[in-house]
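Protein chains in written order, with the working numbering: chain Z, 5 to 280; chain H, 5 to 280; chain U, 126 to 458; chain W, 126 to 458; chain L, 4 to 339.
FYI, nobody ran anything at the bench for these hints, they're computed from the structure.
Worth double-checking, as some hints may not be accurate.
[Stated by the list, open to error] From the structure, some residues in chain Z lie toward chain H, with a derived Cβ separation under 7 Å:
hint: 1; residue: Thr142
hint: 2; residue: Leu180
hint: 3; residue: Phe253
hint: 4; residue: Thr254
Because the structure is a prediction, the values reported are computed rather than measured.
Every residue gets a Cβ at the ideal spot worked out from N, C-alpha and C, and that includes glycine.
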Amino acid sequence: MNMISVRSASFSYDGVNVFHDINFDLEQGGILCLFGPNGCGKTTLLDNILGHLEPEEGSIIIDGKELGRYSHREIARKIAYVPQVHERTFPYRVIDIVVMGRTPYLSPYSSPGREDYMIAENALEMAGITQLKDRLYTRLSGGETQLVILARALAQNAPIIIMDEPASHLDFRHELLLLETVAGLVEKNNLSILVSTHSPNHAFYFENRGLPVRVAMMAERRIIFMGTPGDVITEEKMKRVFNINTKVFTGNGAENSKMKFIVPVGAANRGDSGEE
Amino acid sequence: MNMISVRSASFSYDGVNVFHDINFDLEQGGILCLFGPNGCGKTTLLDNILGHLEPEEGSIIIDGKELGRYSHREIARKIAYVPQVHERTFPYRVIDIVVMGRTPYLSPYSSPGREDYMIAENALEMAGITQLKDRLYTRLSGGETQLVILARALAQNAPIIIMDEPASHLDFRHELLLLETVAGLVEKNNLSILVSTHSPNHAFYFENRGLPVRVAMMAERRIIFMGTPGDVITEEKMKRVFNINTKVFTGNGAENSKMKFIVPVGAANRGDSGEE
Amino acid sequence: MKFKRIILALALVFAPFACIVLSAFLGRYPLSPVEIFHAIVNRLSGVAPDVGTNIVWEIRLPRAILGSMVGASLAVSGAALQGLFRNPLVSSGMLGVSAGAGFGAALAIVLFHNTFMIYLFAFLFGILAVALSYMIGRIYDTAPVIMLVLGGVIVSSIFSALLSLIKYIADPYVELPSIVFWLMGSLSSASYKSILISSIPVFIGLAGLMLMRWRINVLSMGDREARSMGLNINLDRAVVIICTTLATAGAVCVSGIIGWVGLVIPHMGRIIAGNDNRILIPVSMSLGACFLVIIDNLGRIITGGEIPLSILTAIIGGPFFVYLLKKTKGGGW
Amino acid sequence: MKFKRIILALALVFAPFACIVLSAFLGRYPLSPVEIFHAIVNRLSGVAPDVGTNIVWEIRLPRAILGSMVGASLAVSGAALQGLFRNPLVSSGMLGVSAGAGFGAALAIVLFHNTFMIYLFAFLFGILAVALSYMIGRIYDTAPVIMLVLGGVIVSSIFSALLSLIKYIADPYVELPSIVFWLMGSLSSASYKSILISSIPVFIGLAGLMLMRWRINVLSMGDREARSMGLNINLDRAVVIICTTLATAGAVCVSGIIGWVGLVIPHMGRIIAGNDNRILIPVSMSLGACFLVIIDNLGRIITGGEIPLSILTAIIGGPFFVYLLKKTKGGGW
Amino acid sequence: HTGTSKKDIQVTDCYGRNVTVPANVKRIGCLYAFSGHVVAMLGRADDIVAVVRGLKRDKLLTGMYPSILNASVPGSNDSLNVEELLSVNPDIVFIKDTIAGSKAETGMLNKFGIKYIVVYYESIEGQMRAVSVIGRTIGREKEAEEYNRYYRKCIARVKIIAASIPENKKVRLYHSILETLKTDGPAGIAAEWTGLAGTCNVSAGGLSDKKQTEAFVNIEQVLLWNPQVIITHEDGAKEEIMGSAQWSSVDAVKTGKIYKMPNGISRWGHPGSVETPLALLWTVKTIYPDYAASIDIEKETRYFYKKFFNYNLSDKMLKEILSGKGMRKSKNEGRG
Ligand SMILES: Nc1ncnc2c1ncn2[C@@H]1O[C@H](COP(=O)(O)OP(=O)(O)OP(=O)(O)O)[C@@H](O)[C@H]1O
Ligand SMILES: Nc1ncnc2c1ncn2[C@@H]1O[C@H](COP(=O)(O)OP(=O)(O)OP(=O)(O)O)[C@@H](O)[C@H]1O
Ligand SMILES: [Mg+2]
Ligand SMILES: [Mg+2]
C-alpha cells in the first residue's frame, strides 16, 4: 500500500522552476532516501508533500487520499516532520517542545495530559536525551536542539515521518541511534520514512539491515535515478551527479554481516556539477 | 610556531561546568579536528577562543600573544570563523554577505572597495557558489547558506580559520570541495585550521593527504584523547567515548593512494555514552 | 506536581478576588472596616442604602471589577500576540486596536458626547483597525507574520493620525480635554453597566485565549512546523487575533487607552512563570488583573483628583520591571 | 556599474534640493514665479527686503530646509536601529528618544514658555532617555539586544507617563494646547536659528551613521559573527546608538514628535533599494528628506491653518506604503 | 505699514508691551476666541479678517455677524501660518499667551511687521483690563468702559445679595465643567465668580494644588464634599449625574438641585466668556431665589445682548440661551 504518491509534481519560486515531473511512491513500511546536491530542491519537495507549499502541477496522494482533502489534524496524524533547520523562539523547556508533537491528538481546545507527557518522555528516551528534559531549549547545543526536534516528531506517533537532514548536527553515536531507531520503527511498527540526506551511507545502512529502502536521486530539476541503494549509489552515478570520484567498499560489519559503504576520494574537476 | 595555544582553560554556564583543564596547541600549517559527542562543549570552547565567551580560568594565546591583548580588528585578521548555525536576518544579497569578511581590512569608517569585491568573488568561487552571487541569501537552501558563510570566512584571508561543523548541510561534492579547499589552504598558504566536526573521516581525509593533522577528542568535560587520527580514531576509543561499535577500513583511494576511514556498525548498548 | 498545580491555580484565581475585596476598604471617603462590613451586609440583605453602601457597592467594587477585567484583557492579549508573532516586543495594541479605539472614541466625543456611543465607537473602530491590518497582512501570503505586523503598524499610525486630526479640529474648550483625558485611560466611569457592556467581548476573548493557549505554543514554532503538528494555521491565527481583539477592544472601549500593561505584564509573567503559554496566559491574566486594581487603588487614594492610569502603571510598574529583570538576570532570554 | 552608482548618488543628493527649491514656490501668500525669482535675486544682491523676499527667505526656505533635515534624521535613524537590533519593527524612537524629548519639551513649556528652553530640554531629555535605556540594557550582558529594546520600551513608557502627568497638571487653556500641538510635530517654528541649533547634532549624527553604514551591515549578523569579523561590538553599537540619538533628538527638539517617518521610510527604502545599509542609509536619508518636505508643503497649502505633520505623514504615506508593498509583493521579506 | 504717523496711538497690552497702532485700525485679526467676542461686542465684528476656527462655531455670534464666517483661519490657538495671515493683511492681531510665549512665532510677526496685542488675564479684574486694551486698540474705549461698568455693577449687586445671606444658609456648590467629574480648581476665574455669588465652591477650597484652574476629581471626594447644589455646563451632564447610582447619595441629587448654566456667545462663566456678569446674576438667582428677588434673569439677558451686541433676542432665542442647549455648531458647519 502506498503511503505517499507523488504524481508529475512541479514547483517554481517566483517563476523560477525548481523541479518538474516528479513521480514516486513510498509504500507502507518502506524507506525512501532523497538524495541530491545542495539546492536541488529536496526541502522544497518535502514542503510540497507537507502542504506548506503547493505544487504548480501534479498531485500528491497520502495514504490513498488527495493531500488537499485531509483536514489539518488528519494530515498531522499521518505525517510527522523534522525540519532541516529550526528557528528557536521563546525559551521553552525541552519537554514542552517535545509534547507539542501530541497536538494532532488533542481535542481542539485542550492541552496535553498525563499520557501525552508519558509519550513525550518516551520520545526523549528514544532520541537519547532524557537528561535534557527540563532544560531551556534555547540554551542547548546544535546537536541537542536537533535531537529535541526529532523527539517531537517521534512523539507525534504518525505512520509517516518526513525528515529533512535529520542527522546533520548529530554525533557519531546519535547518528547511529537515529538510524537504528528509524530502522526499528520501520521493522516493528511498519512506519514509512521519507528522509532527505547528504550521506549515502544512511541508505546503505538500511540496505545492510535488509529493510525495503530506495534512493531517489534529485538533480537537473527532476529525479534522475531511482532504485535500491546498490543501484543508485554507484561510482559512475556519483560522478555523473556530483562530479566527484568515490569508492564503494564492502566489508564485514557487526556479527560478520556484509556491509557496504561509499567514500569520496577526490573531485573529478573543479567545474560545475549537475546543479546550476 | 603555535598559532593557537590553550592553557588549562575551563568554562561554566551559570555555574554548570562545561569543560576544565583544556590544553592544546595548534601550530602554523596544522589542522586540529575537534571531535566529541553532542553537547560536549566544542562550540563553547570555540567561543572561548574567539573571545565571545571568556574562560573562567586559564589563558588563550593567539600567535604568541594573549587573546585579551589583541584589538578587535587585529584578532579578526588572525582568525576567521564559520559558525555552526547562522541566523538569517535581512534579505541581503549573497555577495554583500561574503564581502563582509573584508571588514577587518577596511579603514575604520569605510566600505569595501573594488578589490574587496574581487576577493569576495574569489571566495565564492572557492566555495563553488559563484552562481548565487546576486541572489537574496534569505532565499537559499540550507546547504547554500552554509556555503555563503564559508565563503565569507574565506574572504577574511586570515591565517587561522575556526570552523564549527562547516559541512553539516553540505552535499557530497561540496563537502569534498570544502576539504580540498582547506587542504589547499594549509598546503599552499600555511594556514592553521581548527575545525569541529562529527565526521572522523574528515580527519582521515587530511591524514590521507599527508597533512599535519591532529584530533582532539572531547568528552567527560575535557580532552580525553589527543593525537594523530590514526591514534585517536580507533575502534576501542570510539567505543569508549561514543559507546558504539565501529570499523576502520583501509582501502585504495585515488591514484592508488592508501586511504583510511571509519564506519559505524551498531550501538554497543543503548545506555548512556560518555556525555552526561 | 499535580498538587502544586492546584495550589497555583487557586492562587491565580484568588489573587484578583483578594485585590477586589481589598479595594472595598480603600478610598478617600473615610469608612471604618465595620461600616464597610455593614455596607456589604446591608446591600445583601436589602436594607435601604446609605452613603457607605453606595460607596462600596456603586463606586469601589464596580471600579475594582472593571479594573481587573481590563488588566486581565490587556495582559493576556499581549502575551498571546507575542507568542503568535514570535516577537517579544509585540503588545496588545500591535494590530491597531488601541489606535482604532482611540479614534472611534474621539469621533464619538465630537459627534455625540454620549458615553454609550463612545463605548460603541471605540469598540467598533478597534475591531475595524485590526480587520484592516489583517487585510494588509494578507497582501503577501508567504510572509504573513511580518506583513501582519507591518500592517498593524501602518493602520495604527493612520488611525493615530486621524485621531490627531480630530483633536486638531475639536473644540479646544469642550472636546479636546475630554479626548485627551479619555486617551489617558481611567476607570472613573466604571459602573455595572459599563462592566456589563465590556464583559461580553472580554469574556469571549479571554475564554477563547484560555482555550487557545496550547495552540499559541505550537503557533510560536513558526508556520511550517505548526502546520506539520496539525494546526490550521490560518484559522488558528485568525482565532487568536479575533480573541485578542475582542478582549482588548472590550477593555479599551470602557477604560480608554492604558499603555504598558499589554507589553510589560506578559514579560513579568515570563520572568515569573516561564514562557509556556499554558501557564503564562493564566498567570498574565491574574497578574494583569491584580496589577491594574492595585494601581487604580493607589490612584484613587493618593490625591482627591484622578490620576490617569497610564501614568501610574508606568511610573510604578517600570521600576518594578527593571528590578525583576535585574533579579532574574534577564529572565531566560 | 560605477556609472550607475554615480547617477544614483547624484539623484539622491539632488532630489531633496529640488524639493526645497520647489517649496519656495508654494504657500498661501500669492506670489507669482516672477516675484519669487525677484525675491531670490533681491536677497542675494542685498536689496532691501520686501514682503515677497521675506516670505521666500524667512518662511518657505527655512521651513523646507528644516523639514529635509528632520525627515533625513528620522528615516536614517530608523534604518540604522532596525539593522542594529536585527528587527524590522524598530523605529527611530525605539530607545526612548522621542518619549524623552516629548517629556522635556512639555516640562519646558510648563516651566519656561521659552522656545530655546523647549529645544534644550527636549534635546537633553531625549538623550537622557536613551542613556537610561542603555543602562537597563546592560543589566544582563549576554543578551544585550533584547534587553536594550526592552529597556527602551520601559524608559519610553515611563517618560510617556511623566509626560501625561505634565499634561494632566498643565493649564488646560494655556499650556495643554501647546503641549499637544508640540507633540503632534510641526515645522512652523522653523527659522535659521532653529536650523542652526538642530544642525549640529543632526549633522554629527547623520555623518556618523553614514560612516558606520557598512558596520551596521556587519552588526546585523549578530554579536558573535560581527565580533569575529573584527568589530568592537560594544563600541560600534554604542556609536550607532549615539549617532541615532543625536540625529533624532536634534530633529525632534525643533520639530516635535513626528511619528511614522522613522519606521516606514526605512521600509520604503528597503523595498526600493534593498537591505544593504550602504545604499539603504543614503536612500533613506534622501527619501526621508523629500517626503517630509513634500508633506509639509501639502500641510502649508491645503488650509490656512497648520495641519500637524504626523497627520499628513500617516494619511498620505500610509496608503502609499501599502501600495508599494502590494506592488512588490512584500518587498523581499 | 511701518513707521509712526500722527494718527498712531500707543497701546499697552496685557503683557505690558507698548505697541504703536494706527488710530483707526481697519482690518482686525482675532487669534484668540475671547478677543473675537470682545471685538464683536464693541461693535467691530465686520472688520474681523482673521479668526481661530472655534469662533466660527458660535451659533449666536455668527448669527449676529455672518461676516465672521468668511474670515480666514491662519492657524490655531497656538500656532500661526504667517503666510496666510499676511495674505489678509491685518492692521492688528490679537493673540493668546501661547503664541506670545513662542519666540519663533512672535519673531515671525515682528519680521513681517504685523502688529500684535497679547490678550491675557487670570482674574475678573484682569479680564476687564483686557477688554479695555482691546477697546483702546480698536477705537472703542467708550464701549469697553461701558461693558466694564456693567460688569462691576453686576458684581456689586450679587455682593449685596450674598452679604444678606446668613452664613448657615450658604450652600456648598459643585461646578461640573465638562465631564461630570471635572471641576474648578482654586485658581481660576470660575472659583472667583462662584465665590462672589455667595456660594461655597467645594473644589475651589478643597483641592491641595492651589495653582490649578481645573481638575478631575475622584467621585468619593465629591461624596465627601457632599455638595448641596450642582451646576453643569455640558449637554447630558445633568442627566448623567441624576441617573448614576454613584452620585445618588449626594445631597444635591437627593433634592434635585442640579442646574444647567446658560450658553450664549460662550458658555456663561467660562474663563473665556464675555457673559460672566450674567453668570453671576444667574447663579445667585438660581441658587438663592429668596434673596435675589430683585433679579429678573430674562430681562437682564435681553438687556445684555441688546446693549452690548445691539441684538434683539427673540423669545425662542432667549429660551435656547437659558436652557444652554445647542449653541455651538458641529465641526462641519464651522469650517469655512
Ligand atoms: N547559553 C547556554 N547556557 C547554558 N548552557 C548552555 C548554553 N549553550 C550551551 N549550553 C550547554 O553547554 C554544553 C556544551 O554546549 P556546546 O554548544 O558547546 O556543545 P557542542 O559540543 O558544540 O555540541 P554539538 O555537537 O551538539 O554542537 C551543552 O550541554 C549545552 O546544553
Ligand atoms: N523562498 C525561496 N525563494 C526563492 N528561491 C528559493 C527559496 N527557497 C529556496 N530557494 C531555491 O530553490 C532551490 C531549492 O532549494 P531547497 O531548499 O529545496 O534545496 P535543498 O535540496 O533542500 O538543498 P540543501 O541540500 O542545501 O538543503 C535552491 O536553488 C534555492 O536557492
Ligand atoms: Mg534542504
Ligand atoms: Mg556545537
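**Report entry** Minimum beta-carbon distance criterion (7 Å), Z/Thr254 to chain H
**Finding:** With a closest approach of 10 Å, the Z/Thr254 hint is violated.
**Report entry** Interface hint outcome for Z/Phe253 [beta carbon to chain H under 7 Å]
**Finding:** holds (6 Å)
Query - chain H contact restraint for Z/Thr142 - C-beta distance below 7 Å - result: violated (12 Å)
Query raised in the report: Taking 7 Å as the limit, does the beta-carbon of Z/Leu180 come near enough to a beta-carbon in chain H?
Result: OK, holds: Z/Leu180 within 7 Å of chain H, min 5 Å.
Checked against the numbered hints given earlier, this structure breaks hints 1, 4; the rest are met.
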